[in-house]
Amino acid sequence: MATVEYRNIAKNFGHVEVMKDVSFGIADREFVVLLGPSGCGKTTLLRMTAGLESVTNGDLLIGDRRVNDVHPRDRDIAMVFQNYALYPTMKVFDNIGFSLEVAKVPKAEIRKKVEWAAEILNLTPYLGRYPKELSGGQRQRVAMGRAMVRNAAVFLFDEPLSNLDAKLRTHMRVEIRQLHNRLGTTTIYVTHDQIEAMTMADKIVLMHAGRIMQIGTPDEVYERPNSKYVADFIGSPSMNFIAGAVETAGGSPHFVAEGVSIGLSPEIKAKPGQKVIMGVRPHDLGISDAGEIKGEVVLSETTGADVQIHLRVAGYDAVAVVPRDERRNAGAAINLSVLPGKVHLFDAATELRVA
Amino acid sequence: MRVAKARRFVVSDHPLPWLLPLVAILLVFTVYPLIYNIWLSFHEFVPRRRALEFVGTENWVQLWNDTRFWQSLVITFTYFAIALVFELVLGMAIALLLDSDGFGLGFLRGVLTMTLVIPPAIVGMMYLLMEDPQFGVISYLLQSIGLLNPNNPILATASTALAGVLVAEIWQWTPFMVLIFLAGLRALPPEPYEAAMIDGASSFQIFRRITLPMMSKVIAIAVLVRGIDLFRVFDYVFVMTSGGPGASTYSLSLYAWQQTFSFVKWGYGATLSLVTLVIILVIANLFIRIAKVRW
Numbered sequence: 001m002a003t004v005e006y007r008n009i010a011k012n013f014g015h016v017e018v019m020k021d022v023s024f025g026i027a028d029r030e031f032v033v034l035l036g037p038s039g040c041g042k043t044t045l046l047r048m049t050a051g052l053e054s055v056t057n058g059d060l061l062i063g064d065r066r067v068n069d070v071h072p073r074d075r076d077i078a079m080v081f082q083n084y085a086l087y088p089t090m091k092v093f094d095n096i097g098f099s100l101e102v103a104k105v106p107k108a109e110i111r112k113k114v115e116w117a118a119e120i121l122n123l124t125p126y127l128g129r130y131p132k133e134l135s136g137g138q139r140q141r142v143a144m145g146r147a148m149v150r151n152a153a154v155f156l157f158d159e160p161l162s163n164l165d166a167k168l169r170t171h172m173r174v175e176i177r178q179l180h181n182r183l184g185t186t187t188i189y190v191t192h193d194q195i196e197a198m199t200m201a202d203k204i205v206l207m208h209a210g211r212i213m214q215i216g217t218p219d220e221v222y223e224r225p226n227s228k229y230v231a232d233f234i235g236s237p238s239m240n241f242i243a244g245a246v247e248t249a250g251g252s253p254h255f256v257a258e259g260v261s262i263g264l265s266p267e268i269k270a271k272p273g274q275k276v277i278m279g280v281r282p283h284d285l286g287i288s289d290a291g292e293i294k295g296e297v298v299l300s301e302t303t304g305a306d307v308q309i310h311l312r313v314a315g316y317d318a319v320a321v322v323p324r325d326e327r328r329n330a331g332a333a334i335n336l337s338v339l340p341g342k343v344h345l346f347d348a349a350t351e352l353r354v355a
Numbered sequence: 001m002r003v004a005k006a007r008r009f010v011v012s013d014h015p016l017p018w019l020l021p022l023v024a025i026l027l028v029f030t031v032y033p034l035i036y037n038i039w040l041s042f043h044e045f046v047p048r049r050r051a052l053e054f055v056g057t058e059n060w061v062q063l064w065n066d067t068r069f070w071q072s073l074v075i076t077f078t079y080f081a082i083a084l085v086f087e088l089v090l091g092m093a094i095a096l097l098l099d100s101d102g103f104g105l106g107f108l109r110g111v112l113t114m115t116l117v118i119p120p121a122i123v124g125m126m127y128l129l130m131e132d133p134q135f136g137v138i139s140y141l142l143q144s145i146g147l148l149n150p151n152n153p154i155l156a157t158a159s160t161a162l163a164g165v166l167v168a169e170i171w172q173w174t175p176f177m178v179l180i181f182l183a184g185l186r187a188l189p190p191e192p193y194e195a196a197m198i199d200g201a202s203s204f205q206i207f208r209r210i211t212l213p214m215m216s217k218v219i220a221i222a223v224l225v226r227g228i229d230l231f232r233v234f235d236y237v238f239v240m241t242s243g244g245p246g247a248s249t250y251s252l253s254l255y256a257w258q259q260t261f262s263f264v265k266w267g268y269g270a271t272l273s274l275v276t277l278v279i280i281l282v283i284a285n286l287f288i289r290i291a292k293v294r295w
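Which chain is which? The protein sequence lines are F and W, in order. Using our numbering, read the first sequence as starting at 1 and increasing by one per residue. Using our numbering, read the second sequence as starting at 1 and increasing by one per residue.
In isolation and in its complexed conformation, chain F is listed as follows (with noise of 0.2 Å):
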């Protein structure tokens, strides 16, 4: 068990800049989630903390240890690869046990610990067969099951579901919790899936281009994104943008745009005029015959339980999700009001959270 502390991160491959001064911490039995589009640091701030990348600057911390320099095997962590990386040439349970065998651990116990593992990740039948012999999940659970038996101090993983088809993935994303539950073990999960951050994440570090846009659990992140970037990545479908300004009409502050007016509450910290986005995310937008955004159906999805009804509102193009009994066809005029409270305003200069 361990904390983890990044102090002002920096990675430069060659000439190239890829991460500046990133700073975090992250507690004992934490499961945290780096999540962010490809290319954005996300996997090589991972591999820095396992040691298979340089730090190029800053103070990386397990425990108490500044680990900058400590080889990976000494850094007392586990990680689960994209690729699952197994050793082609071993079986199951020599994969497995292959941590525990290096440690000179007694024959006894290492079996006892790969059956142990085996049997949570419903691995037993596949103990004598090699990784060339197993399925894309199975693989990926033999991965599982080498970090499982090594008692780190901190899991890695890197896009471990990446490479498994949607239902298997939904199945693992579960089993990888559930253990997290069970073991406590501090973990640090990178992905791209914002589902994956979404339901599985303590804590989500949001990541664009090196840098760090947002931290805070998913309820955080995803009711109040701190800047348009986190809004626009966070949630599907997307959140809807209109660009305008903030007015007073009739004494409330009012987010006015072309063909478009919306009540805003009145502890708005938007000064009058202020140039800003509007963001709604879908899911916030309801019919209604008072609604004050009147719009233009253009088409209809279900996508099971709900429909997306994408519209032309004054030029705009928007999507609102409503329950499948609401549904519109194409043409029909509609009329949708906000939420309460699930306006979020940007500023237009700056990009950054205003209310």
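Treat the hints loosely; a few may be bogus.
[Said to hold, decoys possible] Taking lysine to any residue pairs in the SDA-like style, the calculated list, with each CA pair at most 20 Å apart, reads: (1) F:91 to W:194; (2) F:91 to W:205; (3) F:91 to W:190; (4) F:132 to W:88; (5) F:132 to W:191; (6) F:104 to W:34; (7) F:132 to W:34; (8) W:292 to F:128; (9) F:104 to W:207; (10) W:292 to F:129; (11) W:265 to W:34.
Rather than coming from a laboratory, the hints here were simulated on the basis of the structure. Given the structure is predicted, the values throughout are model-derived calculations rather than measurements.
The hints should help you fit chain W onto chain F, whose structure is shown.
Below, chain W without anything else, positioned relative to chain F:
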């Protein structure tokens, strides 16, 4: 059109026209000599009649009772085993050292190919000179540290002659192993190494449990190619010792050569080379079966 023109050369879908050149070459240079060799082993050249005569199994009976044949077989096996072990171990060690991007290593990798472009007979001459008891550098160095008695020249002493020849052999062919192993090492996936580092394995454990097993196919190929070559050893012993002193470096190939061309016993020489072929085939096939790697 260019494409249409080019396509006219590949109109035939039938496999025979494509196979014919290779089949013809194989027939002329491999199948016919082999059959002729088998035929020859049941005949013998009779000089006074200037003709081949059928002798039945006489050559084979003679072979079975020929102590010089058995002796040369033992010498060939010894040469084969010692050279193979040295070339394997040294080759792997050097390949591991060169398998990185350190300064000058690319140059060294290039230099390694140099021994391979020298004809073995020339390498034999080089070492013959270097091991000369009067002015050879190897003899001088060994004498000066007291490892070699000046009265016992390396290549003229029965107990050291084979070692003297092996030095030339190993010097020339270890780089061949290095190149094969380097190619193999460079093609290995990096992920298992990262996983093994994180799993806490030491460099030696990684080599033994990750590198060696993953290299097993490459090593098997190297052993096969080199082993077959070693079993036919001729050039070095021919140039350096002519099989001597006594018969202490008489390899099977050299003995077959001597019987065929010095003693004009074509039938017996053919029998000897046929036996060499059979031994190589049996060993190679056994090895392929045993060394079959599963992953």
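query = Is residue 292 (chain W) within 20 Å of residue 129 (chain F), Cα to Cα?
reply = Within the cut-off at roughly 17 Å; holds.
query = Is the hinted pair residue 265 (chain W) and residue 34 (chain W) satisfied, with a Cα-Cα distance of at most 20 Å?
reply = Cα-Cα ~18 Å, so holds.
ask   = Under the criterion that the straight-line Cα-Cα distance not exceed 20 Å, is the pair residue 292 (chain W), residue 128 (chain F) satisfied?
value = Roughly 18 Å separates the two Cα atoms, so the pair holds.
task = Mind checking the alpha carbons of residue 132 (chain F) and residue 191 (chain W) for me, to see if they're no more than 20 Å apart?
result = Holds - the C-alpha atoms of residue 191 (chain W) and residue 132 (chain F) are around 15 Å apart, at most 20 Å.
query = Is residue 91 (chain F) close enough to residue 190 (chain W), meaning Cα to Cα at most 20 Å?
reply = Measuring from Cα to Cα gives roughly 19 Å; hence the hint holds.
task = For the pair we were handed, residue 91 (chain F) and residue 194 (chain W), check the Cα-Cα distance against 20 Å.
result = 18 Å, holds
query = Is the hinted pair residue 91 (chain F) and residue 205 (chain W) satisfied, with a Cα-Cα distance of at most 20 Å?
reply = 17 Å, holds
query = Given the proposed pairing of residue 104 (chain F) with residue 34 (chain W), does the C-alpha separation stay at or below 20 Å?
reply = 56 Å, violated
query = Under the criterion that the straight-line Cα-Cα distance not exceed 20 Å, is the pair residue 132 (chain F), residue 88 (chain W) satisfied?
reply = Violated, at roughly 29 Å.
task = For the pair supplied as a hint, residue 132 (chain F) and residue 34 (chain W), confirm whether the alpha-carbon distance does not exceed 20 Å.
result = Measuring from Cα to Cα gives roughly 42 Å; hence the hint is violated.
query = residue 104 (chain F) and residue 207 (chain W): Cα distance at most 20 Å?
reply = The given pair, whose Cα atoms are some 17 Å apart, holds under the 20 Å limit.
Of the numbered hints given earlier, the model fails hints 4, 6 and 7; all others are met.
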